[in-house]
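First to last, the protein sequences are chains A and B. When we follow the numbering used here, the leftmost residue of the first sequence carries the number 1, and every step to the right adds one. When we follow the numbering used here, the leftmost residue of the second sequence carries the number 1, and every step to the right adds one.
Treat each hint with caution, since some may be false.
Derived, one-sided and incomplete: chain B residues facing chain A with beta-carbon distance under 8 Å [what the hints assert, rightly or not]:
#1 Val41
#2 Gly100
#3 Tyr102
#4 Ala150
Everything labelled a hint here was simulated from the structure, so no lab data went into it. Where a beta carbon is used, it is the ideal one built from N, C-alpha and C, also for glycine.
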Amino acid sequence: MSDFLAGLLVAVLPLLGIGFWLGRRTAHPEAPGELGTPVEHATFQTLHTASLAAPPLRAGLTEETARKSARRLRSLLGTDALCLTDDRRVLVWDGVGAHHRAEVLERLAGPLETGRGEAFRLDCDTPDCPVRWAVVAPLTVDDRVHGALVACAPRESAVLVRAAGEVARWVSVQLELADLDDSRTRLIEAEIKALRAQISPHFIFNSLAVIASFVRTDPERARELLLEFADFTRYSFRRHGDFTTLADELHAIDHYLALVRARFGDRLSVTLQIAPEVLPVALPFLCLQPLVENAVKHGLEGKTDKCHIQITAQDAGAEALVVIEDDGAGMDPALLRRILAGEVSPSGGIGLSNVDDRLRQVYGDDHGLVIETAPGAGMKITARLPKYQPGVHTAGRIDRP
Amino acid sequence: MNPSYAVPAVALVVVATVLVGAFGLRISRTTSDFYVASRTVGPRLNAAAISGEYLSAASFLGIAGLVLVQGPDMLWYPVGYTAGYLVLLLFVAAPLRRSGAYTLPDFAEARLASQAVRRLAGAFVVGVGWLYLLPQLQGAGLTLSVLTGAPDWLGGVIVAAVVTATVAAGGMRSITFVQAFQYWLKLTALLVPALFLIAAWQADGAPRHAFEEPAGFREQRIVRVDDRVDLKLGRPLTVTVDGTVDGRPHDGTRLTLPPGTHRIERGTELTFDRGTPVPAADRAPGGALAPSRAESREERPLYATYGLILATFLGTMGLPHVVVRFYTSPHGVAARRTTVAVLALIGAFYLLPPVYGALGRLYAPELTLSGDADAAVLLLPGRMLGGTGGDLLGALIAGGAFAAFLSTASGLTMAVAGVLTQDVLPSRGVRHFRLGTVIAMAVPLAASALVGGLPVADAVGLAFAVSASSFCPLLVLGIWWRRLTPPGAAAGMLVGGGTAFAAVAATMAGFPGTGAAHALLAWPALWSVPLGFLTMILVSLATPGRVPAGTAAILARFHLPEELRTEVRTEVTTP
Numbered sequence: 001m002s003d004f005l006a007g008l009l010v011a012v013l014p015l016l017g018i019g020f021w022l023g024r025r026t027a028h029p030e031a032p033g034e035l036g037t038p039v040e041h042a043t044f045q046t047l048h049t050a051s052l053a054a055p056p057l058r059a060g061l062t063e064e065t066a067r068k069s070a071r072r073l074r075s076l077l078g079t080d081a082l083c084l085t086d087d088r089r090v091l092v093w094d095g096v097g098a099h100h101r102a103e104v105l106e107r108l109a110g111p112l113e114t115g116r117g118e119a120f121r122l123d124c125d126t127p128d129c130p131v132r133w134a135v136v137a138p139l140t141v142d143d144r145v146h147g148a149l150v151a152c153a154p155r156e157s158a159v160l161v162r163a164a165g166e167v168a169r170w171v172s173v174q175l176e177l178a179d180l181d182d183s184r185t186r187l188i189e190a191e192i193k194a195l196r197a198q199i200s201p202h203f204i205f206n207s208l209a210v211i212a213s214f215v216r217t218d219p220e221r222a223r224e225l226l227l228e229f230a231d232f233t234r235y236s237f238r239r240h241g242d243f244t245t246l247a248d249e250l251h252a253i254d255h256y257l258a259l260v261r262a263r264f265g266d267r268l269s270v271t272l273q274i275a276p277e278v279l280p281v282a283l284p285f286l287c288l289q290p291l292v293e294n295a296v297k298h299g300l301e302g303k304t305d306k307c308h309i310q311i312t313a314q315d316a317g318a319e320a321l322v323v324i325e326d327d328g329a330g331m332d333p334a335l336l337r338r339i340l341a342g343e344v345s346p347s348g349g350i351g352l353s354n355v356d357d358r359l360r361q362v363y364g365d366d367h368g369l370v371i372e373t374a375p376g377a378g379m380k381i382t383a384r385l386p387k388y389q390p391g392v393h394t395a396g397r398i399d400r401p
Numbered sequence: 001m002n003p004s005y006a007v008p009a010v011a012l013v014v015v016a017t018v019l020v021g022a023f024g025l026r027i028s029r030t031t032s033d034f035y036v037a038s039r040t041v042g043p044r045l046n047a048a049a050i051s052g053e054y055l056s057a058a059s060f061l062g063i064a065g066l067v068l069v070q071g072p073d074m075l076w077y078p079v080g081y082t083a084g085y086l087v088l089l090l091f092v093a094a095p096l097r098r099s100g101a102y103t104l105p106d107f108a109e110a111r112l113a114s115q116a117v118r119r120l121a122g123a124f125v126v127g128v129g130w131l132y133l134l135p136q137l138q139g140a141g142l143t144l145s146v147l148t149g150a151p152d153w154l155g156g157v158i159v160a161a162v163v164t165a166t167v168a169a170g171g172m173r174s175i176t177f178v179q180a181f182q183y184w185l186k187l188t189a190l191l192v193p194a195l196f197l198i199a200a201w202q203a204d205g206a207p208r209h210a211f212e213e214p215a216g217f218r219e220q221r222i223v224r225v226d227d228r229v230d231l232k233l234g235r236p237l238t239v240t241v242d243g244t245v246d247g248r249p250h251d252g253t254r255l256t257l258p259p260g261t262h263r264i265e266r267g268t269e270l271t272f273d274r275g276t277p278v279p280a281a282d283r284a285p286g287g288a289l290a291p292s293r294a295e296s297r298e299e300r301p302l303y304a305t306y307g308l309i310l311a312t313f314l315g316t317m318g319l320p321h322v323v324v325r326f327y328t329s330p331h332g333v334a335a336r337r338t339t340v341a342v343l344a345l346i347g348a349f350y351l352l353p354p355v356y357g358a359l360g361r362l363y364a365p366e367l368t369l370s371g372d373a374d375a376a377v378l379l380l381p382g383r384m385l386g387g388t389g390g391d392l393l394g395a396l397i398a399g400g401a402f403a404a405f406l407s408t409a410s411g412l413t414m415a416v417a418g419v420l421t422q423d424v425l426p427s428r429g430v431r432h433f434r435l436g437t438v439i440a441m442a443v444p445l446a447a448s449a450l451v452g453g454l455p456v457a458d459a460v461g462l463a464f465a466v467s468a469s470s471f472c473p474l475l476v477l478g479i480w481w482r483r484l485t486p487p488g489a490a491a492g493m494l495v496g497g498g499t500a501f502a503a504v505a506a507t508m509a510g511f512p513g514t515g516a517a518h519a520l521l522a523w524p525a526l527w528s529v530p531l532g533f534l535t536m537i538l539v540s541l542a543t544p545g546r547v548p549a550g551t552a553a554i555l556a557r558f559h560l561p562e563e564l565r566t567e568v569r570t571e572v573t574t575p
């Protein structure tokens with residue numbers, strides 16, 4: 001018997017867990033019964049329905065989003081049928097009387113042209129057709145008609161005309177917000193594209209000067225350095241894909257450091273500790289090299305003795321932890337905060353703030369750079385890179401030379 | 001078994017695991033040479049790591065125990081455990097790697113772009129992980145109690161504590177090296193004693209009747225019955241009894257039991273004469289053990305065997321701790337090569353447990369009665385060789401067994417904790433990963449205290465059945481069928497995996513005890529896997545409008561070798 005009970009318990013526990021999880025996901029924030037008067041209750045209901053209909057529309061007006069929001073909008077208006085269209089076709093028909101689709105679409109031409117609402121009677125051969133009358137309210141974004149909201153009812157109703165107009169205006173606002181989201185994404189994408197083509201002009205100048213200094217004294221070395229330079233620039237001017245692998249990024253850093261070492265000689269030493277598990281992790285193109293460049297700059301700045309840079313990549317469950325540490329001059333945290341906030345422009349090169357922006361854009365706000373520093377105490381930069389993120393994948397394979 | 005050798009061996013394995021996990025990376029990878037530092041994990045190293053993570057208590061102890069009790073039919077277990085990788089190699093390995101997914105929920109999201117399916121897959125990862133952790137903890141308890149006489153729960157608690165502590169503290173940083181180390185440790189721990197045992201068997205005149213006849217006692221032996229059992233006798237049995245048989249107390253009386261069923265109470269000592277065949281034993285209801293699936297296997301051997309084959313062949317691809325290891329391969333081709341190497345390594349390993357099972361039938365047949373058949377591997381060296389040599393080899397095996405518990409348990413805990421942290425617990429962060437680790441381990445630990453002992457390999461078989469019914473349809477259809485839709489995937493996983501899970505729960509609860517229904521529930525894969533596939537296909541066909549946008553590009557990315565990928569414009573979406 002105790003076996004049976006024990007087994008039952010084991011069987012029931014996961015079910016309880018799933019039930020709890022489902023409950024948490026579907027729970028309403030507040031039960032309507034807790035509200036006061038019927039008017040307050042009705043207000044709350046209306047606002048709640050409106051807030052449920054909003055999120056799908058924030059992704060723009062498509063068949064998918066229209067389908068998700070139409071049911072909510074219909075209960076908001078309290079009509080028998082509700083239809084959302086774009087400027088050419090019916091996206092969704094929610095409720096009864098779907099055989100009027102074609103007719104409604106025909107009658108839409110006028111309102112879509114003028115951008116003014118209209119109400120009309122529906123012709124129907126079916127004797128007991130539940131909808132006899134429709135009101136059209138256009139959806140406009142920036143004075144351009146994107147589509148229309150059509151509400152159908154059994155008989156004419158002035159209230160419905162007003163209500164449909166209000167709801168259409170509310171939907172238009174959501175669509176405007178969607179437009180805004182869109183342009184913000186486009187802006188950031190453009191920013192990323194602008195950033196990634198940009199390697200520091202100082203670096204190009206310095207590298208060429210160093211190579212020039214070796215051309216007479218050590219032509220073989222100069223040739224090697226030129227090849228490193230070619231490899232690095234080929235990587236940074238690469239056109240396909242926005243993402244690369246950690247292994248490839250490390251190779252680019254290697255080419256970069258070879259050129260820097262030619263300039264500074266023994267003053268610069270680098271140690272690496274890379275967990276092989278995280279080498280295939282995909283990450284935004286050229287987002288670690290600027291950190292190393294920054295470490296080199298801070299490490300050698302205002303110092304005549306040696307500088308040590310440590311690069312660590314650790315496996316941490318579903319994330320890779322990359323740490324870049326130097327023992328150089330460090331920085332005042334307050335100044336750093338202002339640089340990251342974009343208030344002060346850094347003194348050249350791809351700044352930390354750009355890398356930070358890109359990481360936040362790709363992985364979300366909780367994946368920005370973590371920087372620990374103080375004047376004279378070096379700087380430690382930590383980046384957390386998820387092993388998997390939707391939409392982040394590399395274009396090519398890791399090629400071994 | 002002499003604990004003074006075994007306990008240090010177990011302690012040594014635990015300490016070595018923790019040390020390699022914490023410092024392996026630091027020693028081997030601190031360099032200033034980029035080409036050394038960014039050398040990716042080669043197929044052979046990764047294959048050893050996958051094998052190390054995969055070979056669990058079920059492989060190390062369970063298979064030998066089952067072969068001992070039930071004979072050569074049980075060889076399907078090692079065959080199935082190995083062949084699962086063949087299916088993985090043919091249908092899943094390279095596309096899964098190219099999908100860029102780290103875990104199974106990642107794959108669901110990458111393929112279907114649906115948070116709901118992702119969460120459902122996460123729930124199944126947790127379920128399968130817990131089902132799989134359970135026998136690991138039980139195996140550890142059994143091993144420790146056989147070695148030292150400690151209570152049954154102690155070994156499980158030790159493994160749970162060590163794994164939780166190292167995983168939560170982030171001590172498994174160089175997990176590839178740890179797991180590869182564990183594979184070679186496990187192989188050595190079985191291979192070396194096996195060679196000695198085979199030599200001893202040769203010296204004994206190489207008796208060959210292990211499988212042909214029912215197992216029999218080769219010398220007079222006293223068997224102590226620890227839990228109440230029912231003996232089923234086909235012929236009269238002459239035995240000396242000190243204890244209670246059929247409700248009547250005896251004190252060293254010599255009895256001849258007539259054919260039929262006899263109940264032996266716990267604590268009874270039976271003395272069998274040389275040459276007596278070992279009687280078949282059933283766990284009596286009300287004992288501490290849940291009814292094994294063995295009974296239905298005897299009643300419907302063909303059905304049970306096919307159920308086992310289907311579960312193990314198709315279940316391997318859905319094991320959460322195996323899937324995450326493929327991420328370490330740098331590209332799809334390397335993932336395939338890794339799988340081939342895994343087949344070789346695991347195939348080599350699985351030659352050994354049946355050897356122990358066969359020798360156990362010859363030299364320790366009474367284990368079928370005392371209910372500790374899973375301990376056969378641990379007891380054989382002492383039985384056959386004796387002396388210090390036997391003790392040392394026994395200690396080696398005990399160390400290997402603990403390596404098996406630790407490696408599989410830590411891999412599973414990391415996978416389950418990862419899903420709990422990412423998809424279930426409210427917000428992300430290191431502290432939540434620790435909380436996730438504790439939860440991931442606490443639930444199976446509590447369950448192992450509650451449900452008692454299903455044979456270890458049987459319990460693992462149930463985890464395979466759930467995995468085969470939920471993840472196999474998702475992976476195979478997700479990779480090879482472009483009309484799969486999120487509602488279809490969700491329905492298929494719920495119906496296939498859900499019914500398999502319900503059947504597993506019913507079996508563990510001991511319901512119903514016998515008959516065709518019991519066989520159906522004890523070996524669910526044969527009906528639940530087709531059910532899962534069918535549901536997924538039908539619901540997908542019924543919702544053609546929900547095929548995710550960009551499916552063609554996604555499938556192209558899964559199947560095209562990485563070199564060609566630049567030609568394909570893949571859609572990049574940022575959230």
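Hint check results:
Checking B/Val41 against chain A: minimum C-beta separation of about 5 Å stays under 8 Å; hint holds. Given the 8 Å rule on beta carbons, the hint for B/Gly100 holds: about 4 Å separates it from the nearest Cβ of chain A. Because the closest C-beta pair between B/Tyr102 and chain A is about 4 Å apart, less than 8 Å, the hint holds. Because the beta carbon of B/Ala150 sits about 22 Å from the nearest beta carbon in chain A, more than 8 Å, this interface hint is broken.
In summary, the structure is inconsistent with hint 4 from the numbered list given earlier, while agreeing with all the others.
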